[in-house]
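Asker: What follows is the residue order along each chain.
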Amino acid sequence: MDSVSGVPQPALSVKPFRDPVHMEKTTTQPTEQSIRLEIADLNFFYGPKQAVFGLNLKIPTHKVTALIGPSGCGKSTFLRTLNRMNETIRNTRVEGKVLLDGQEIHQMDVVGLRRRVGMVFQRPNPFPKSIYENVAYGLRVNGFKGRLDELVEKSLRRAALWEEVKDVLKRSAFALSGGQQQRLCIARALAVDPEVLLLDEPCSALDPVTTAKIEELMFQLKDSCTMAIVTHNMQQAARASDFTAFMLDGKLIEHSVTSKLFTTPTDPRTEAYITGRFG
Amino acid sequence: MSEPRIMWRKAVNAVMLTLTGVAAFGVVCVLFLILGYLIFNGGHSLNLNFFTQLPKPVGETGGGMANAIVGSLKLLLLAALMGLPVGLLAGIYLAEFGGKTFSFIVRYTTDLLNGVPSIVIGIFAYALVVLPVKHFSALAGGVALGIMVIPITVRSTEEFLRGVPNSMREAAMALGASKWKTIVTVVLPAASGGILTGMLLALARVAGETAPLLFTAFGNRYWGQGWGQPIASLPVMIYTYAISPYDDWHRQAWAAGLVLLMLVLLSNLGARFILARSKAV
Amino acid sequence: MSAATTTMTREVPPKSGLRAFVDKLKGGDEIAHLITLTAAAGIILITSLLVLELWRTSQLSRAKFGWMFFWTKVWDANFDNFGAAPFIYGTLVTSAVALAIAVPLGLASAIFLSELAPRRLSDIVSFLIDLLAAVPSVIYGLLGIFIVVPLMRTTLGPALKKVLGFTPLFAGPNYGVGFLTAGIVLAIMVVPFIISVSREVLLSVPREQREAALAMGATRWEATWQVVVPWARTGIMGSVFLALARALGETMAVTMVIGNNPQISASLFAPGYTIASVIANEFTEATGDLYLSALIELGLVLFLMTFILNGLARILIVATERGGGRPA
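First to last, the protein sequences are chains Y, P and Z. Per the working numbering, the first sequence starts with residue 1, numbered consecutively. Per the working numbering, the second sequence starts with residue 1001, numbered consecutively. Per the working numbering, the third sequence starts with residue 2001, numbered consecutively.
Note that these hints are calculated values from the structure, not bench results. Don't take each hint at face value.
No more than 20 angstroms apart at the CA atoms, straight line, and that leaves these computed lysine to any residue pairs for SDA-like [what the hints assert, rightly or not]:
{"hint": "1", "chain 1": "Y", "residue 1": "K129", "chain 2": "P", "residue 2": "K1100"}
{"hint": "2", "chain 1": "Y", "residue 1": "K251", "chain 2": "Y", "residue 2": "Q33"}
{"hint": "3", "chain 1": "P", "residue 1": "K1134", "chain 2": "Z", "residue 2": "D2289"}
{"hint": "4", "chain 1": "Y", "residue 1": "K170", "chain 2": "P", "residue 2": "T1185"}
{"hint": "5", "chain 1": "P", "residue 1": "K1100", "chain 2": "Z", "residue 2": "I2101"}
{"hint": "6", "chain 1": "Y", "residue 1": "K63", "chain 2": "Y", "residue 2": "G276"}
{"hint": "7", "chain 1": "Y", "residue 1": "K260", "chain 2": "Y", "residue 2": "G276"}
{"hint": "8", "chain 1": "P", "residue 1": "K1010", "chain 2": "Z", "residue 2": "V2227"}
Predicted, not measured: the structure shown is a model, and the values here were computed from it.
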């Protein structure tokens, strides 16, 4: 069975009336949980080379889902399909379904989609503008009319950066430290109030203290935001996420509640990875 | 290896290395010679009249080149209006939109255009603007210079836009900015220092061009009568005065040369200054 | 296996063409794309138009003289008889003189700047040399008239004559103006180009190349001349071609010092004429359509010459940057 996890599945013939896409992994998902993003049979290609293979995954609302796996396993590529960032790369192709609140994202306006699904990148990438303008940017391009100052402050507070920068808002964002820059990028993403926040190895360029701050931040943001984080750091996944998905060679190997995946993985490959036998 | 052979090799080494140093020194000396000679000769003849008065009729001494200074500025303005937007937009196309084959053709053509001798550009502007109306005009001069501005602007714009890290574009797009908004609000501002530098250098280069103006803007010993009429310019004035037989005109040519050189060198220095500052941010 | 596990790859359903186009227009992306594309296409249009205009307006001359245009030595407006030979000759000779002076000088300076000079000094000197490249050509002409021409007439010319007077190159009367003077002025103008491109190319030669040679006991000069320069030679060739293209098309400085006399003469002291200078001098005075057309055909010839050279230069420089000019 080409299933995405080793969790036993119900006999499929029992519920012939259900849509197969929805049906396949119902039991691998935590029950009684509303689903924000649903990915079905997702394939992704860089030119002729396939990077993601028939991936199925559900990302529950107001939870943190971590994507782990050895580098090059396609986890970042996968994450970037969720807000269609890969479309900025030439000669790529995507197949399959990604539903945001039940709506197919490939039929949405891409600009609107990205407003709803924000992203934080591996390296802090503030714009060469002031701190204030960085946070206000998303609001401005989305034609927000209203009290910018308030929203900027609110976003900076949500990103736990306000106290550090409130007196220097007009200063260039490049004057901040790496960790502050990354929190600024989070604040910038939060300013447009996204439903989902995608984090692509947000701590890989940061020191441990700052990493802890950002993990703390993610915990607080859960109230308002659904998050998916790609990380190469298993401890981080174990600490900061509610659910964890393990990917290998472009395929989803296992997906379950974080504590379960790290303590009693069902797939031998998952076990091999989390016990450090490869990758 | 025998001792004399090593001595010989060491001698060759010393002599050749010294010669390269002498060559470099010599070339730099030429620059200072040019500057020194111009400042010496031009400085002598430069006075307030040069900037405020019209040229005197042949045979009379004195007078100035006020009309040529203003004319040069007018021609530059035309060149900027015609050349810079096209160059900027095409540069944006190459850096942000371009497809593979078409971009290659555009780049190649741009380099080709950049290499066309300025006198040939002059012929082109003549055929395009002067021939149909049968008289020389400031407009024709502006067209010639504008065409020369385009390729320089394109290449520098493209280069500096490519220097903007892709992560900036991604960050803006991930916030819901469309591609053109990303370009206008993030990419262009990030590259603005470099792009401005390139534009300034392009204008500085055409400011000294003479050949394409000879039979487009032509020349004028009086204030120009408008964009459709011949107009004076500093480089053409230098040329006509330098090859004339009058000593007083020679002096004025030196003065004009000094003014033109200062204009060009200062804009070069200014451009570098802008670039250095924009990098420091 | 049941239906559930058969992979059902679904292409993203394409929107209908018009709908998609209108959607994109709303975002502004397609408009921006279109505007910038128009500008890019505009460059192609301008360049094609340039070639077309040169071709079209030189029609009269091409029809009358055909290929003989290139061999005819006469340039006589009174009898409507025009030949390009003296101008092509003058253009080639002045450029050759310029390169003969500028290439050794430029290459030596570039070697000094890239291999010997401390980085700081090298950067400052390169900066000054870039400024030299920015000096307008009419100013070189000015200096040519008032410094180089007198120098040639009184000092340099007689000296050369004394030493090399037995060769036809330096025989005949010396007027101060002529091929040699024009070549010298051109050399001063193109040296900065050779230096700045060659320096870049030399700096891009990998360190290991130098170190390998030095480690084998080569002197500094031997390492440079036998290893570094050959490695960079295609790029250096490229810079020479660029300089040549510029020298061929240079107008003002040459016009002011070459003497403006359409003749083919073996002596470098003799006054001559180049394509660019005859266009500059006679274009506004050209009465009669054939006269003008012949001048424009000269422009076309000049365009083609520089076109070919620039193409070659570009190929060479790109080739070096790609793979290093590894000795073939």
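Asker: Each hint should be assessed against the structure and marked as holding or not.
Answerer: These are the hints, each one checked on the structure:
1. Y:K129 x P:K1100: Not satisfied, since the Cα-Cα distance of roughly 32 angstroms exceeds 20 angstroms.
2. Y:K251 x Y:Q33: 24 angstroms, violated
3. P:K1134 x Z:D2289: Roughly 13 angstroms between the alpha carbons, so the hint for K1134 (chain P) and D2289 (chain Z) holds.
4. Y:K170 x P:T1185: Cα-Cα ~17 angstroms, so holds.
5. P:K1100 x Z:I2101: 41 angstroms, violated
6. Y:K63 x Y:G276: Given that 20 angstroms is the threshold and the Cα spacing comes to 26 angstroms, the pair is violated.
7. Y:K260 x Y:G276: 17 angstroms, holds
8. P:K1010 x Z:V2227: With a Cα-Cα distance of about 17 angstroms, the restraint between K1010 (chain P) and V2227 (chain Z) holds, given a limit of 20 angstroms.
Hints 1, 2, 5, 6 from the earlier list are contradicted by this structure; the remaining hints agree with it.
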